[in-house]
Amino acid sequence: MIFAKVIGTVVSTSKDPNLEGKKLLLCKEVDHTGKPLNSYHVAVDAVQAGEGNFVLISYGSSARMTELTKNAPIDAVIMAIIDEVQITDPAKSAKKGTSEV
Amino acid sequence: MQLGKIIGQVVSTRKEGKVQGLKILVARYLDEHLQETGKTAACVDTVQAGVGDVVLLCSSSSARMTAMTQGVCTDNAVVGIVDTVSSGSKILYQKSDNR
Numbered sequence: 001m002i003f004a005k006v007i008g009t010v011v012s013t014s015k016d017p018n019l020e021g022k023k024l025l026l027c028k029e030v031d032h033t034g035k036p037l038n039s040y041h042v043a044v045d046a047v048q049a050g051e052g053n054f055v056l057i058s059y060g061s062s063a064r065m066t067e068l069t070k071n072a073p074i075d076a077v078i079m080a081i082i083d084e085v086q087i088t089d090p091a092k093s094a095k096k097g098t099s100e101v
Numbered sequence: 001m002q003l004g005k006i007i008g009q010v011v012s013t014r015k016e017g018k019v020q021g022l023k024i025l026v027a028r029y030l031d032e033h034l035q036e037t038g039k040t041a042a043c044v045d046t047v048q049a050g051v052g053d054v055v056l057l058c059s060s061s062s063a064r065m066t067a068m069t070q071g072v073c074t075d076n077a078v079v080g081i082v083d084t085v086s087s088g089s090k091i092l093y094q095k096s097d098n099r
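As given, the protein sequences belong to chains A and B, one line each in that order.
Quick note, the first sequence lines up with residues 1 to 101 if you use our numbering.
Quick note, the second sequence lines up with residues 1 to 99 if you use our numbering.
Incorrect hints may have been included.
[To be verified] With a straight-line Cα cutoff of 20 Å, these simulated SDA-like cross-link-like pairs (lysine to any residue) come out:
{"id": "1", "chain 1": "A", "residue 1": "Lys-70", "chain 2": "B", "residue 2": "Arg-64"}
{"id": "2", "chain 1": "A", "residue 1": "Lys-70", "chain 2": "B", "residue 2": "Ala-67"}
{"id": "3", "chain 1": "A", "residue 1": "Lys-28", "chain 2": "A", "residue 2": "Ile-81"}
[Unchecked claim] Restraint-style ranges between C-beta atoms, simulated for each label pair:
{"id": "4", "chain 1": "B", "residue 1": "Ala-41", "chain 2": "A", "residue 2": "Leu-37", "range": "18 to 26 Å"}
{"id": "5", "chain 1": "A", "residue 1": "Ile-81", "chain 2": "B", "residue 2": "Val-11", "range": "40 to 48 Å"}
{"id": "6", "chain 1": "B", "residue 1": "Gln-20", "chain 2": "A", "residue 2": "Pro-90", "range": "52 to 60 Å"}
{"id": "7", "chain 1": "B", "residue 1": "Gly-38", "chain 2": "A", "residue 2": "Asp-31", "range": "19 to 27 Å"}
{"id": "8", "chain 1": "B", "residue 1": "Thr-40", "chain 2": "A", "residue 2": "Gly-34", "range": "27 to 35 Å"}
{"id": "9", "chain 1": "A", "residue 1": "Ala-91", "chain 2": "B", "residue 2": "Gly-52", "range": "51 to 59 Å"}
{"id": "10", "chain 1": "A", "residue 1": "Pro-17", "chain 2": "B", "residue 2": "Lys-18", "range": "16 to 24 Å"}
{"id": "11", "chain 1": "B", "residue 1": "Lys-18", "chain 2": "A", "residue 2": "Val-85", "range": "40 to 48 Å"}
[As the list claims (entries may be wrong)] Far from chain A by the CB rule (all over 12 Å, computed), these chain B residues:
{"id": "12", "residue": "Gly-8"}
{"id": "13", "residue": "Val-19"}
{"id": "14", "residue": "Arg-28"}
{"id": "15", "residue": "Val-51"}
Because the hints were derived from the structure by calculation, they are not lab data.
We put the beta carbon where it would ideally sit given N, CA and C, even for glycine.
Take the sequences, apply the hints, and build the full model.
Here's what the structure looks like:
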């Protein structure tokens with residue numbers, strides 16, 4: 001999955017029937033710290049995300065593996081809202097590791 | 001999905017079986033600010049999009065999940081015509097203005 005920030009909303013009325021009733025959010029791809037990268041996705045929202053949310057997106061055919069998006073022409077879905085990202089500093093974990101051994 | 005702008009269509013008389021009868025449009029990809037990028041793609045039209053329309057482009061095997069493209073060898077389909085793109089209170093794109 002990729003990290004992304006929801007930056008906007010896309011409205012489309014004439015679209016594939018399987019896209020009816022699904023919220024389309026404009027999402028900027030970012031790295032795990034929130035630094036913007038240079039790609040974006042219009043993703044279907046499966047977790048009631050809103051603008052400004054830090055989220056996880058699954059894209060490609062895996063985007064269809066949710067109840068909401070199965071059998072639909074969807075190649076990106078927001079499948080998680082991130083509360084927190086915990087990165088363990090390798091130096092700290094190594095020191096801790098040696099004292100336990 | 002990605003945002004794209006329809007700039008033309010592909011005419012091809014010799015096409016693989018199931019692609020016969022399907023309209024293939026040329027779309028130029030847009031970035032998240034709706035600015036044109038250098039990247040274009042040929043996509044099967046499933047929503048009667050016209051030149052100048054800003055559209056939703058669906059790629060990967062999901063492009064085959066529409067009634068028209070079921071079982072067809074395509075990896076890119078136009079699956080929606082975009083009316084509005086907004087970011088907060090800012091309108092990035094409004095269909096009627098850009099006709």
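(message) Please list, smallest to largest, the hint numbers that this structure does not respect.
(response) none
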